[in-house]
Amino acid sequence: MNQKPGVCTFCGTGCGHFIGVENNRIARVYPSQNHPVSKGRLCVRGWNIHELLDTPDRIKKPLIRSDGPFVEASCDEAVGRLIDSLKKYPPESIGFLASPRSSNEEQYLLMKLARSVFGTNNICLDSESGHRASLNVLHAGTGMAGMLGSIEEICGAEFILVAGIDITRQNPIIGSEIHMAARAGAMVVTMDSRRTQIARLSKKFLQVRPGANKLAVLALAKTIYEENLHDPSFLEAHTEGFEGFRRAFGKLSENELYEKTGLKADEIKTVARHLARAKSAMVFFSSGISGLDEDTIGYIYNLFLLAGKIGKEGCGVNPIAGLNNLQGGYDMGLAPDLLTGFQPLADAATAKKFEKEWGTALPSSPGKPIYRSLADQASELKALVVVDHDEGIVRYADAIKKLDFVAYIGAFKNPFAEYAHVVLPIATYVQEDATFTNAERRIQLSTKKIEPEDGLLPGWKLYSMIAAKAGRAWKYAKVSEVMDEIARLTPAYAGVTHAKLAGGFGLQWPVDDKNPGGTRRFDLAKAGRKLAFYGVSDVFEAPSADDRFPFLLMVGKAQHFWHQNNLMKKTHIPMREYNATLMDYPEGYVEICPQSAKEIGVRDRWPVRVVSPHGEMRVSARVSDDVSPNTAYAPYFVQEMISRFLLGHTEVLRQGEDATIPVRIEKV
Amino acid sequence: MTMFLIKKSDVGKIAEELARDHQVYGPMIEKGSGQTFFDRADDVSEISLSAPIPSNPPKSVVFPQMERVLAYEYDRPKNSVKIEPDYKVEPKALVGLRPCDLAGMLCLDRFFMGQEFVDEVYLAHRKKMFIVTNTCVAPFKQCFCVCTDSGPAASEGYDLNLTDLGDEFLVETGSEKGAVFAAGLGLAAADDSHLARKKKIVDKSISLFEDIAVDSKAWISRVMNRVTTGFVKEEVWEYIGDQCFECGACSFVCPSCSCFNIADVTNPECEGCADRLRSWDSCSYEGYSRMAGGHNPRKPVEDRRNKRFFCKLSYSQMKKYLRPGCVGCGRCAWVCPGDIGLPNVVTYVRREITR
Amino acid sequence: MSQVLNIQDGKIVTVPEVATIEEIRDEIREVKTFYLSIDNREIWSGFKYKSGQFIMLTVFGSGEFAVSLPPSPENDRFHITVRTVGKVTSALHALKPGDKVGIRGPFGNGFPFEEFKGKNLVYVAGGIGLIPLRSSIVHALQHKKDFGRVLVLHGARTPDDLMYKENLKEWQSFEGFETYITVDVSTPGWTGETGFVHTLFDKANLPIDNTVAFVCGPPVMFNTVIGELMKRGLSDENIYSTLERHMKCGVGKCQHCAVGRTLVCTDGPVYTYRQIKTLGEEI
Ligand SMILES: Cc1cc2nc3c(=O)[nH]c(=O)nc-3n(C[C@H](O)[C@H](O)[C@H](O)COP(=O)(O)OP(=O)(O)OC[C@H]3O[C@@H](n4cnc5c(N)ncnc54)[C@H](O)[C@@H]3O)c2cc1C
Ligand code: SF4
Ligand code: SF4
Ligand code: SF4
Ligand code: FES
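Protein chains in written order, with numbering that gives the first Met the number 0: chain Y, 0 to 667; chain R, 0 to 354; chain X, 0 to 282.
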């Protein structure tokens, strides 16, 4: 039999699959029937992952360049060049842009390389900070920097809120679980400004005005509190800091809330009552490449805490990681201020533990997130190492061009490599044992399926080689020893070994003496602490439209980030599917409802001009019932639209899914 | 045709014998996960006749998920081209095929080899094939082959058919090739009493199906009437279409689905060289029917769903397969993220659920 | 491996045969005509097709696509006319004379010309819809005595979008052959008609009795023209069209081209409007 178990590495769902190999090439994929998350399902991407894994569009040879074009080099030579170039600069001027696609072992070693070999804390993940915002909230509130609930428990939840995420597109198999729960009777509510598939499949769709998610959540909390639907004894016994949250309730009158959110009183009240009365409730929201802002996430968390839906069976505040190992990336300390397992770098005891294990001092100067440095004209950043960049579009290209030195390390070809002076190939995840941590903290082992091509090293060997050449010999005989080291340093991973993960479907962290079989969900009974309400702001600046700019334009990224995904472009069928929209609207589109289209005097695919106070663009109109009157939606995947218009609004877009831009739309 | 008996402890000999001059495929249980696969057996003793219905359809053998069908090299400087079809005929034996899966394969045979053009790639796999089917003495959870007339016992198309009689297997021969092979095994002959025992076992098996399935063939045939004549309300298709995640799984796991995509995979090191791949495709995908210039005759997802169920459930497809396109294996029900596997669709059409 | 399949009325190449591009001509914006021949002379001399059939063309290193055969089956230089819409068509446009391509075919049903003897033939083509009709037009011209009036009505968006301009001029000069041309939007210097193609019907004094019409063009044009023809009394069985679908195999296996109960590559691409109506799908 030729079926090798593994994990789908497209999104953070972490579905189980089997890969078939022929002549040392990946030939097919099939879903894993008994996998606790995916239960025999895969989405369109997962069903076609073999196309990616068989693509010839790989980086196969080390390349270097001085001023002219790339020339092939030996691995020794390229690594030497990399080390020499980095060593020229003080640690503050070196940066590492890590990948949310790399395995835990690779991410950990890159982090170790940055800190212990090159002495810098300038390391972060190449996707934006959305997921970090979720982790900050959950960590501060509960001590667990990850999904509080579990995908396996979705089917047991009585109430499910899907907030601002097109989940059947982004993480389809989680979307499927929610759909199944709805069919089995759960009260599924979608809160979004755009009618998504999950909105259609929900029992209730709260179509909030763009930018007003936070207010809608506030309205729900306020209802629960004012109707006395919460359990005061739970608040008393298990939580702290409610007062701070309560202050926000008085800020706006009910009518103001309804007006600003565009929701009706009875909609809010019904949903709030369902949430409060359900025995169990979960919420899913987006994070990763884009997501709600930290404050809105704080509100969501607080709402569920007020409703008493945290730490119990079938409950959970669940941020969704869009990319396969985004959660793992934070677990591995890929942030300027973090070590593994969300341990703060600033904590002296933790730092000491790492220093002892690594036999070297940790860098003392605080690091900066790479994208912030790139956006900052005055930044000291001079040299950058980038690993497996995910997006097909390179942001801050101008700033990157100005750097003295860029190295790209990756398995697949990517436009980012064009900016590099040194390119180093690595093996793909099917060419070595590797672990990945999915959105629900499930650490899964994906075993090696095929041999790497001649001369290609898996990440852990390449990083070890770089370290050795730079004068620090790491002594790993096998990749599993890297995990052993992670386990020694990371309480949540303390009980994890490759041997323990082999042959099963993974373990959810924390895995330790107390939880040798892992931890399905956050458990109030075991928490040993009070749950804190998150310190949220009580400032509400819902953007509003006016006569000059009557439309609120929302910019969707989560829905589309697979379009600009570099890996998708190396498949046949998923690429065809994702291109289908692009081919209808080659210059991009702005989605408006039929009524708005009529008022403007355009039809589907007719050209329109979108004007904001900061710029304008010409695109096609896409007429759809999915948006409400006077709101518009623009996808964030069409290169043209991004460079011509959306980049001018970077500040606004930083808010993630809740970003809105008031615009005027004209017929041309 | 002739009939024999083979002791349970000896039944493995069939695969062993076939392995002499065939690549042997059969159901095997993957140890780590407990999942059954119908796959190439490196070690024929791994083949399990008691394993549940394989998770993957045996069509993977004759119609692999991804297959190179052609390779070409365009040498530009010399301006010469080499084109080579890239498929070989190797004798294969399928051992322990479930009756529904055999029915699925017969659909594919009729479609790939029985139309105007013969598909040479399919033919290459199918030529010189030896088929051993295995009667289902009890249905699995999702099975409804009794409604689609394809099980629990095979009636045609096999070389040998095995039925577990308890302590021994009844071996029926279904072809000349099968008869010759069985005769060579030196087995004891079986008689009508064994056939009667088989009938009892099959009747028992039929009685174990879920109620709807046993009810009557009308459960599905009435729906087929409706689908064929087009009397299914738009809203029903919409209700179904809304739940489709467009993953393609239903087509991939279906033993009788045969849509494929063709792509030339170019080698970055040689500009004019490529492998022509053909791979499973699905009519549930939007890009599947999209045409140059942006016109898509089948844009709304419900139209695309409609298309697949039409293919499975319309009498007009019978001319293609000489039987209904659905063989009742139930696989689409367990892989569908939208919970609209064929049995559910049948239920909705019957109930005429509207939103 | 057999490379040529024998089917009743001729040989069909099923595995691509290498062919050479002999000449390339610009037609209109984004459209070029390629003159080709198959390198293997034996196969080339046996390569026969009917008006309305198509071939699958491989551009090496890029892919394969379906393309109509515009030349008449007899005494006409073999060529294809292709508009760039995507990956493979663009790759073809980048080729030069002398370069190699691959050819499989011919596929599809073609027009049942025997049934048209003695009838008036009306060709209505919108834009590049003239490409699949050209073969049949030239064929009619070569056998003019077999038919009544032969009319070619061609409409394009602008004068620059008119297809086969030289051919149109040439056809005009044939006895009993009538061509009518119109554009949606005129440009300076255009002295001809403006308006959609069906507005030519009166001027052309369109025959209805004993007439078959061939309609090909974009969906909107197609629907309007058919409506107008039917209004004037032409019956749906006398209206022919060739359908276009996403095609991958050309031989009835991949099912990309499925429309209703039929496959365009083997049951089509030529359909009567009566058939089209029963397909139950959008065209
Ligand atoms: C019977 C028939 C005859 C044709 N005759 C001609 C002709 O004479 N001249 C001409 O210029 N074109 C003709 N076409 C259309 C031509 O086949 C497509 O334009 C071509 O396949 C597009 O390929 P591409 O790789 O350039 O586009 P791609 O990059 O593959 O895709 C562009 C778009 O075209 C769609 N597409 C892909 N393949 C096809 C296909 N076979 N048919 C339609 N859409 C497709 C894709 O889904 C995508 O939306 C004909 C098509 C058919 C079916
Ligand atoms: S849902 Fe995510 S993990 Fe699952 S198959 Fe799809 S891309 Fe892969
Ligand atoms: S339609 Fe479903 S149940 Fe029927 S044969 Fe196909 S996969 Fe099996
Ligand atoms: S398996 Fe279900 S969700 Fe997937 S394409 Fe088929 S019907 Fe749609
Ligand atoms: S093109 Fe493949 S079936 Fe018609």
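Everything labelled a hint here was simulated from the structure, so no lab data went into it.
Misleading hints may appear alongside valid ones.
[Said to hold, decoys possible] Listed below are the simulated SDA-like cross-link pairs for lysine to any residue, each with C-alpha atoms no more than 20 Å apart in a straight line:
id, chain 1, residue 1, chain 2, residue 2
1, X, K86, R, D274
2, R, K319, X, L278
3, X, K95, R, K91
4, Y, K499, R, G33
5, Y, K447, Y, N1
6, X, K10, R, M112
7, X, K164, X, A203
8, X, K144, X, L161
9, Y, K3, R, G229
10, X, K86, Y, P90
11, R, K318, R, G229
12, R, K91, R, E72
13, X, K164, X, L140
14, Y, K474, Y, R575
Computed from a predicted model, the values in this text were never measured in an experiment.
Hint-by-hint comparison with the structure:
{"no.": "1", "hint": "X:K86 - R:D274", "verdict": "holds, 17 Å"}
{"no.": "2", "hint": "R:K319 - X:L278", "verdict": "holds, 17 Å"}
{"no.": "3", "hint": "X:K95 - R:K91", "verdict": "violated, 46 Å"}
{"no.": "4", "hint": "Y:K499 - R:G33", "verdict": "holds, 18 Å"}
{"no.": "5", "hint": "Y:K447 - Y:N1", "verdict": "holds, 13 Å"}
{"no.": "6", "hint": "X:K10 - R:M112", "verdict": "holds, 19 Å"}
{"no.": "7", "hint": "X:K164 - X:A203", "verdict": "holds, 19 Å"}
{"no.": "8", "hint": "X:K144 - X:L161", "verdict": "violated, 28 Å"}
{"no.": "9", "hint": "Y:K3 - R:G229", "verdict": "violated, 44 Å"}
{"no.": "10", "hint": "X:K86 - Y:P90", "verdict": "violated, 46 Å"}
{"no.": "11", "hint": "R:K318 - R:G229", "verdict": "holds, 18 Å"}
{"no.": "12", "hint": "R:K91 - R:E72", "verdict": "violated, 30 Å"}
{"no.": "13", "hint": "X:K164 - X:L140", "verdict": "holds, 16 Å"}
{"no.": "14", "hint": "Y:K474 - Y:R575", "verdict": "violated, 45 Å"}
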